[in-house]
Amino acid sequence: MSSEPLHPAGSSEPATILVVDDHEAGRYVTRRILERGGYRILEAATGQQALDQAAQLPHMIVLDVKLPDFSGFEVCRRLRADQATAGIPVLHLSATFQDQDSMITGLEGGAEGYLTQPVEPQVLLAYVRALVRVNQTHRSLQQSEQRFRSLFDSVGDGLLLADPESRRFRMANQAICDMLGYTRDELTKLWITDIHPPDMAYPANATIEDMAAGKVSLIPGAAARRRDGSTIHVDISNTLLTIDGRAMVLGSFRDVTQRRALETRLAQSDRLASVGLLASGVAHELNNPLAHVLLDLDAVGEELRQARDAGLTLQGDALEALLSKVEASQHSAQRIRGIVANLGSFSGTESPDHVPVQLRDLLTAVATMVSHELEPRARLELDLAAPQHVTGNRGRLSQAFLNLLVRATRSIDEGSPERNRVSVRSYLHEGACRVEIRDTGRGIDPDKLARLFDPFATTTQPGDDTGLGLAISHRIVEEHGGHILVASTPGQGSCFTVVLPCQGRCTPPEPAAPQPAAPAPARPIRLLIIDDEPYLRRAMQRLLTRAGFLVVSADSGREAQRVLADDEDFDVILCDLMMPELNGMELHSWLVQTKPRLARRLLFLTGGAFTPDAERYLAAAGNRVLSKPLPQPELIAAITQAVAARDER
Amino acid sequence: MQVPTDADTSQDRALSSLRHDLRTPVNAVLGLSRLLLDEADGPLGSEQRIQVQLIHDAARSLAAMIDTRLGAHHHSQEGP
Chain C
1 MSSEPLHPAG SSEPATILVV DDHEAGRYVT RRILERGGYR ILEAATGQQA
51 LDQAAQLPHM IVLDVKLPDF SGFEVCRRLR ADQATAGIPV LHLSATFQDQ
101 DSMITGLEGG AEGYLTQPVE PQVLLAYVRA LVRVNQTHRS LQQSEQRFRS
151 LFDSVGDGLL LADPESRRFR MANQAICDML GYTRDELTKL WITDIHPPDM
201 AYPANATIED MAAGKVSLIP GAAARRRDGS TIHVDISNTL LTIDGRAMVL
251 GSFRDVTQRR ALETRLAQSD RLASVGLLAS GVAHELNNPL AHVLLDLDAV
301 GEELRQARDA GLTLQGDALE ALLSKVEASQ HSAQRIRGIV ANLGSFSGTE
351 SPDHVPVQLR DLLTAVATMV SHELEPRARL ELDLAAPQHV TGNRGRLSQA
401 FLNLLVRATR SIDEGSPERN RVSVRSYLHE GACRVEIRDT GRGIDPDKLA
451 RLFDPFATTT QPGDDTGLGL AISHRIVEEH GGHILVASTP GQGSCFTVVL
501 PCQGRCTPPE PAAPQPAAPA PARPIRLLII DDEPYLRRAM QRLLTRAGFL
551 VVSADSGREA QRVLADDEDF DVILCDLMMP ELNGMELHSW LVQTKPRLAR
601 RLLFLTGGAF TPDAERYLAA AGNRVLSKPL PQPELIAAIT QAVAARDER
Chain G
650 MQVPTDADTS QDRALSSLRH DLRTPVNAVL GLSRLLLDEA DGPLGSEQRI
700 QVQLIHDAAR SLAAMIDTRL GAHHHSQEGP
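First to last, the sequence lines map onto chains C and G.
According to this note's numbering, the stretch in the first sequence is residues 1 to 649, in order.
According to this note's numbering, the stretch in the second sequence is residues 650 to 729, in order.
Treat the hints with care, as some may be off.
Among the chain C residues that face chain G by a calculated CB cut under 7 Å, a handful are [claimed, not checked]:
1. 23
2. 25
3. 26
4. 32
5. 95
6. 117
7. 118
8. 593
9. 597
10. 598
Treat the hints as calculated values from the structure; they're not laboratory data.
In this text, a Cβ means the ideal position worked out from N, Cα and C, and glycines have one as well.
Hey, can you work out the whole structure from these sequences and the hints?
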């Protein structure tokens with residue numbers, strides 16, 4: 001007798017054989033032979049019993065062909081039809097049907113072997129051993145498939161196997177089904193373009209061919225379309241696999257939609273925090289020059305009133321003293337204007353991306369913003385190289401640098417400003433713009449360095465010099481194609497270096513040089529000024545009348561409509577943008593419809609803040625937009641240019 | 650070659666059924682006597698062995714007779 005092991009691989013149990021025979025003596029003989037071979041036996045006398053016993057999943061079945069209820073062929077057919085029993089090998093053992101046709105019918109019907117009675121015991125055992133081996137192979141395949149399947153499905157990331165040749169999906173796990181809202185069967189019938197439609201701009205121009213060629217291994221923030229038509233954002237990392245001899249791309253999808261939303265909210269709250277931080281500093285910055293202007297104006301007003309009451313005409317030193325006070329006020333007012341303009345750079349986070357941004361101006365503005373907070377802690381040193389510019393969003397870049405400067409400032413304790421220093425240095429290095437922000441503060445613990453830019457790091461404590469701000473700065477800099485380098489020594493200070501792709505030197509569009517007063521025109525230039533702010537309107541009217549213009553003014557869009565209804569003879573219309581009743585844009589579109597000639601002569605005046613709608617309107621209208629407050633020479637220059645442009649048309 | 654008639658085929662079926670009914674118990678006798686000869690469940694005495702061998706041989710000739718007379722292996726054309 002062969003000593004071949006009878007136990008199924010990895011099991012201490014002997015293999016189980018189901019013996020089906022309606023004849024008791026015959027069944028007994030078969031059973032004894034197999035028991036002597038070491039097998040455990042199940043028995044059945046009818047086809048139905050055979051099917052019932054098969055549910056216990058024997059390793060193989062010895063099946064008589066002639067049974068009282070239905071034939072062995074039918075039993076075999078039904079076993080094959082049930083997925084649970086389809087893999088159990090069947091050996092027909094027939095006493096009656098010994099002809100070739102029956103043998104063929106049996107084997108074609110799904111049996112693995114066909115023997116006729118009387119059978120040599122050794123032959124029967126040899127067959128049974130062979131078929132138990134077949135079953136074991138089948139079982140281990142099934143187990144391996146099951147193990148693979150449960151691994152595949154237990155992965156939290158979505159997994160999709162794509163065939164670059166047919167451009168369809170081959171396999172999908174449970175997570176990707178949940179993520180995209182499809183069933184597994186539906187997904188494997190889809191084309192790649194069904195979830196990455198071409199109009200959704202496959203990120204970074206990555207195509208499935210690029211992935212198959214191994215050129216793209218990670219696609220961050222890719223858009224994917226769900227079954228219900230909604231869009232989610234996913235990071236996809238790709239692996240190349242060879243399956244069934246074909247190159248396949250296995251994409252691992254991680255849903256980052258929520259993370260993105262969270263980051264956006266975070267960015268907004270950070271902006272609010274920045275605003276709060278700035279408010280005190282800016283108030284302080286504004287108060288000094290403002291106090292100066294108020295004091296000077298009081299003094300000037302007082303002296304003029306005294307002169308008027310005394311009936312004196314001011315001359316000589318007295319007059320010079322007054323003038324110098326006015327000039328000092330003008331200087332302070334200019335300072336206020338500069339501070340407010342700086343503030344404007346922070347409001348531009350929704351402003352256009354991809355515009356040239358001058359780093360030197362931006363850094364100067366940002367440094368002004370923190371100077372109040374910095375004063376009790378350290379000296380500020382600026383070493384800004386020749387104008388360099390990067391492409392990006394001015395508001396967001398300002399925010400990035402502000403956060404870094406605030407961090408540097410707060411890493412220094414108050415009290416010894418003469419011993420501490422925060423320096424900002426910008427320079428070109430290997431074709432990139434580098435901005436180095438160095439402080440002599442506390443420094444950063446080495447164990448915190450690794451997670452410095454992680455917004456969700458729990459190592460951060462209130463008052464620590466890390467925090468949300470750094471995460472936001474990091475993200476903004478990355479959005480601009482750059483990165484941040486950090487070096488820090490605890491107790492000595494830190495150095496953050498922002499590296500941004502440089503677009504070279506740039507000459508910003510200079511505001512048109514104030515031109516000398518236009519040669520006296522044959523006819524005085526007629527202006528219409530529309531502004532709801534009475535002091536400003538009167539001041540402009542006075543100023544422009546003195547400069548030789550004929551000025552008509554209106555205090556609202558409605559009033560301007562009434563004026564223009566009777567009198568169209570204006571060379572230039574200066575129109576405020578924001579007015580309570582019929583604003584500047586509404587007036588302009590009224591002009592476009594009724595008096596297109598005049599619409600072209602309109603210049604918008606604005607206090608600075610645009611709504612997105614206003615921004616779109618102004619971009620479409622194409623009229624020049626002047627920012628208030630505008631110094632007299634620039635205002636006059638703008639008017640004469642507008643007249644000149646009109647004459648060219 | 651004869652054209653089979655309805656009578657032929659029904660006769661075939663009856664013969665085939667009879668053969669199965671006879672072969673099944675004969676096969677059992679063959680199998681059981683073989684188990685005894687193989688001493689599967691304990692040794693046989695020398696006289697016992699002779700007796701079981703005689704049972705086995707008799708069953709074998711009975712099986713051969715059934716196959717010959719009732720046309721085994723094939724349809725009735727192969728019969729006597």
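Hints versus structure:
Interface hint status for residue 23/C: upheld, as the beta-carbon distance to the closest one in chain G is roughly 5 Å, under 7 Å. For residue 25/C, the suggested interface contact is upheld, since its CB lies about 3 Å from the closest CB of chain G, less than 7 Å. Evaluation of the residue 26/C hint against chain G yields a held restraint, the C-beta minimum of about 5 Å falling below 7 Å. With a cut of 7 Å, the hint placing residue 32/C at the interface with chain G holds, because the nearest CB-to-CB distance is about 6 Å.
Below 7 Å, beta-carbon pairs count as interface contacts, and residue 95/C has one with chain G at about 5 Å; its hint therefore holds. Interface restraint check: residue 117/C against chain G, minimum CB-CB distance 4 Å, threshold 7 Å, status holds. Here the hint on residue 118/C is kept, as its CB sits about 5 Å from the closest CB of chain G, short of 7 Å. The criterion of a C-beta within 7 Å of any C-beta in chain G is not met by residue 593/C, whose closest approach is roughly 102 Å, and the hint is violated.
Taking 7 Å as the C-beta contact cut-off toward chain G, the hint placing residue 597/C at the interface is violated, the least distance being around 111 Å. Hint status for residue 598/C: violated, given a least beta-carbon distance of 111 Å to chain G, over 7 Å.
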